[in-house]
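Heads up: the sequence lines are chains A and B, in that order.
This note's numbering puts the first sequence at residues 58 to 440.
This note's numbering puts the second sequence at residues 68 to 263.
Keep in mind the hints are simulated off the structure, nothing from the lab.
Just so it is clear, CB atoms sit at the ideal spot from N, CA and C, and this is done for glycine as well.
Honestly, I wouldn't trust all of these hints.
What the hints assert, rightly or not - Derived pair list, reagent style SDA-like, types lysine to any residue, alpha-carbon separation capped at 25 Å:
no. : chain 1 : residue 1 : chain 2 : residue 2
1   : A       : K391      : B       : R240
2   : A       : K391      : B       : I148
3   : A       : K391      : A       : T151
4   : A       : K391      : A       : T171
5   : A       : K391      : A       : R159
6   : A       : K391      : A       : R339
7   : A       : K391      : A       : A239
8   : A       : K391      : B       : R238
9   : A       : K391      : A       : S309
To be verified - Listed next, with one range per pair, are the computed distances between beta-carbon atoms:
no. : chain 1 : residue 1 : chain 2 : residue 2 : range
10  : B       : N151      : A       : S242      : 39 to 49 Å
11  : A       : A293      : B       : N155      : 19 to 29 Å
12  : A       : P358      : B       : N155      : 52 to 62 Å
13  : B       : D101      : A       : P231      : 46 to 56 Å
14  : B       : G226      : A       : T271      : 51 to 61 Å
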Amino acid sequence: MIDELERLRHLRGEVQPPSEPARRAAAAALAAAIAAQAPGPAAPGPALATRVRARRRRAPRRRLRFAVGVLAAAVLAIVLDATLQSGSPAAPATAAAAVLTRLAHVAAAQPAATAPGPGQYLYVQSESAYPSDSYTAAGGHFSVLVPQRREIWIGSDDSGWLREIDGQGTFLTPADRAAWIAAGSPSLAASTSNTQFGAGCLSLGPADISSLPTNPSALAADISGRRIEGGPPGPAEDFVQVGDLLRETDASPALRAALYQVAARIPGVIALGPVTDHAGRRGVGLAYDSQGTRQELIFDPATSALLGERYTSIGGAGAQEPAGTVVGWAVYLKTAIVDSLPAGRPDSRMEPVTSSTSSSGAGAPLPKPAPGSLVRPCRAASG
Amino acid sequence: VTAQAIAHSSDSDVIAQSLSHPDAFAAIFDRHFDAVHRYLSRRAGAGVADDLASQTFILAFSSRAAFRMSATSARPWLFGIATNVLRNNRRAELRLLRALGRFAAGLPDRHPDLAAGEAGEDTGALTAALTRMDADQRDVLLLHAWAELSYEEIAASLGIPVGTVRSRLSRARVRLRSTLATARGDGAAPHEGSSR
Numbered sequence: 058m059i060d061e062l063e064r065l066r067h068l069r070g071e072v073q074p075p076s077e078p079a080r081r082a083a084a085a086a087l088a089a090a091i092a093a094q095a096p097g098p099a100a101p102g103p104a105l106a107t108r109v110r111a112r113r114r115r116a117p118r119r120r121l122r123f124a125v126g127v128l129a130a131a132v133l134a135i136v137l138d139a140t141l142q143s144g145s146p147a148a149p150a151t152a153a154a155a156v157l158t159r160l161a162h163v164a165a166a167q168p169a170a171t172a173p174g175p176g177q178y179l180y181v182q183s184e185s186a187y188p189s190d191s192y193t194a195a196g197g198h199f200s201v202l203v204p205q206r207r208e209i210w211i212g213s214d215d216s217g218w219l220r221e222i223d224g225q226g227t228f229l230t231p232a233d234r235a236a237w238i239a240a241g242s243p244s245l246a247a248s249t250s251n252t253q254f255g256a257g258c259l260s261l262g263p264a265d266i267s268s269l270p271t272n273p274s275a276l277a278a279d280i281s282g283r284r285i286e287g288g289p290p291g292p293a294e295d296f297v298q299v300g301d302l303l304r305e306t307d308a309s310p311a312l313r314a315a316l317y318q319v320a321a322r323i324p325g326v327i328a329l330g331p332v333t334d335h336a337g338r339r340g341v342g343l344a345y346d347s348q349g350t351r352q353e354l355i356f357d358p359a360t361s362a363l364l365g366e367r368y369t370s371i372g373g374a375g376a377q378e379p380a381g382t383v384v385g386w387a388v389y390l391k392t393a394i395v396d397s398l399p400a401g402r403p404d405s406r407m408e409p410v411t412s413s414t415s416s417s418g419a420g421a422p423l424p425k426p427a428p429g430s431l432v433r434p435c436r437a438a439s440g
Numbered sequence: 068v069t070a071q072a073i074a075h076s077s078d079s080d081v082i083a084q085s086l087s088h089p090d091a092f093a094a095i096f097d098r099h100f101d102a103v104h105r106y107l108s109r110r111a112g113a114g115v116a117d118d119l120a121s122q123t124f125i126l127a128f129s130s131r132a133a134f135r136m137s138a139t140s141a142r143p144w145l146f147g148i149a150t151n152v153l154r155n156n157r158r159a160e161l162r163l164l165r166a167l168g169r170f171a172a173g174l175p176d177r178h179p180d181l182a183a184g185e186a187g188e189d190t191g192a193l194t195a196a197l198t199r200m201d202a203d204q205r206d207v208l209l210l211h212a213w214a215e216l217s218y219e220e221i222a223a224s225l226g227i228p229v230g231t232v233r234s235r236l237s238r239a240r241v242r243l244r245s246t247l248a249t250a251r252g253d254g255a256a257p258h259e260g261s262s263r
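Input sequences plus hints: build the corresponding full structure.
Following this line, the structure appears as structure tokens:
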């Protein structure tokens with residue numbers, strides 16, 4: 058088990074505090090900036106003016122988008138087939154909106170699943186491959202796509218278990234293979250991890266998925282980041298969040314239905330039509346292109362479940378690999394509510410540092426940290 | 068405004084105060100300069116950090132009206148500004164990472180920031196992963212690991228949704244972990260927590 062964050066925390070951990078001359082120089086520079094301000098009440102700076110304007114502009118735009126979405130839901134299913142068959146460059150968001158609206162209907166018709174109760178766990182089994190980079194002594198480097206089998210057990214109190222088994226990697230591009238050979242073909246060792254998490258330590262998903270609104274408009278407001286003032290949320294982030302809310306979560310049918318309706322309103326989403334995931338399953342693909350990479354989500358049209366995802370280089374400024382290179386993928390193979398953690402001993406354990414807030418007992422859910430508070434501290438436990 | 072009153076106020080009170088009394092902003096400098104400098108020094112090197120930390124506080128002062136008054140601490144906000152300042156000086160950061168990587172590989176490098184204690188067993192793999200990952204991922208990862216900000220604080224500091232913080236962080240960790248695993252397989256680092 059590699060605790061990559063713990064190792065990263067030690068990197069450059071011994072930097073010196075600022076020297077006294079540097080500190081004085083910075084204080085003097087700030088004092089000069091302060092003195093340059095006209096005395097008396099400061100005018101509201103340009104930043105404040107921008108912020109107020111932006112806020113006033115954002116709300117109507119969101120309502121407008123909602124109106125378009127409702128209209129789209131009513132007409133677009135009819136338009137879809139015609140536009141696809143004609144082969145004309147149909148407005149992609151339009152086709153995507155129709156697909157997502159259909160997925161929302163499918164989701165809404167699914168039987169309500171039960172969330173894990175105390176002592177129960179959400180179990181998700183998946184396979185994925187993401188790039189691993191190696192640097193060689195001679196200064197070269199190569200990237201390997203490392204496949205991984207992953208099983209996770211997530212308790213309602215954010216306790217649980219994570220098992221990851223890496224497989225033999227494949228080179229991302231021929232150039233990576235050449236760099237590897239030039240480096241003397243070092244072994245590409247697989248790794249495993251098998252970690253148990255104490256209450257509050259397995260914090261992977263969005264804070265509390267059960268508390269999210271299932272009203273599409275309210276959910277859209279949450280997703281577009283209305284809690285975070287001053288930041289332009291943007292469609293790329295919105296699409297990423299759709300994936301985040303589905304990946305290894307127990308999003309209810311109602312929440313999924315709302316989520317797909319929200320996604321139908323994200324501009325720039327591309328409908329890919331029928332696609333096959335990396336487990337060979339047929340699904341319907343939706344994508345968003347950003348920063349040189351296409352992020353693709355693949356859904357089961359019969360159940361609306363997320364089957365898998367795929368990241369492909371599309372070239373251009375932000376891309377590190379040739380266009381068409383698959384730079385990552387995942388398939389979600391099994392999702393269930395189970396009554397126990399795996400038998401046997403973990404290789405490592407994460408435990409909460411303090412238990413002052415959890416005196417009510419092991420099964421009681423910990424209070425969620427308030428926005429702005431520090432993430433609950435968890436540490437590797439020995440033994 | 069007496070110094071006594073400022074000493075007991077929250078950052079947001081001080082910044083609100085500084086809108087009409089700019090002098091009050093000096094307290095923000097006193098409270099946070101060292102932490103901001105340390106973060107910048109870890110990312111870009113001590114020499115560059117002197118200048119960038121100074122820039123950060125001047126920028127913070129001139130944009131203090133945009134500070135979100137509902138946030139009690141100015142720290143995430145300041146780290147967000149520091150991260151933006153750093154973004155215009157990526158070259159300094161990459162130069163430091165490259166120097167660390169060369170140093171870890173036993174190659175000579177004349178970067179002023181290399182100390183004898185720098186090359187831990189994972190330095191090569193860690194710097195390789197940091198160099199290769201997207202700048203956006205690196206920002207989120209290091210705000211978390213080095214600036215010790217929570218997901219919500221990172222979201223607020225960079226103006227991005229918490230979900231994006233989470234997914235960027237998780238992608239960055241995957242990259243970091245697999246690079247470390249590969250380095251370990253090369254015999255560059257000893258086995259640890261084996262599955263025996």
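Verify the proposed pairing of K391(A) with T171(A), using a straight-line Cα cut of 25 Å. 16 Å, holds
Against the 25 Å threshold, does the CA-CA distance of K391(A) and R339(A) hold or violate the hint? 16 Å, holds
Does R240(B) sit within 25 Å of K391(A), going by the straight-line distance between their CA atoms? 24 Å, holds
Against the 25 Å threshold, does the CA-CA distance of K391(A) and A239(A) hold or violate the hint? 41 Å, violated
51 to 61 Å was suggested as the range; check whether the CB atoms of G226(B) and T271(A) agree with it. 27 Å, violated
Given pair status - R238(B), K391(A), alpha carbons within 25 Å: It holds: about 22 Å lies between the C-alpha atoms, which stays within 25 Å.
Is 52 to 62 Å respected by the C-beta to C-beta distance linking P358(A) and N155(B)? At 46 Å between Cβs, range violated.
Can the restraint linking K391(A) and R159(A) be considered satisfied, given a maximum Cα separation of 25 Å? Roughly 23 Å between the alpha carbons, so the hint for K391(A) and R159(A) holds.
For the pair supplied as a hint, K391(A) and S309(A), is the alpha-carbon distance within the 25 Å limit? Given pair K391(A), S309(A) holds - Cα atoms ~16 Å apart, limit 25 Å.
For a C-alpha distance cap of 25 Å, please report whether K391(A) and T151(A) respect it. 31 Å, violated
Within 39 to 49 Å: is that where the Cβ-Cβ distance between N151(B) and S242(A) falls? At 42 Å between Cβs, range holds.
Is 19 to 29 Å respected by the C-beta to C-beta distance linking A293(A) and N155(B)? The hint (19 to 29 Å, Cβ to Cβ) holds, given that A293(A) and N155(B) are roughly 22 Å apart.
In summary, the numbered hints that this structure violates are 2, 3, 7, 12 and 14.
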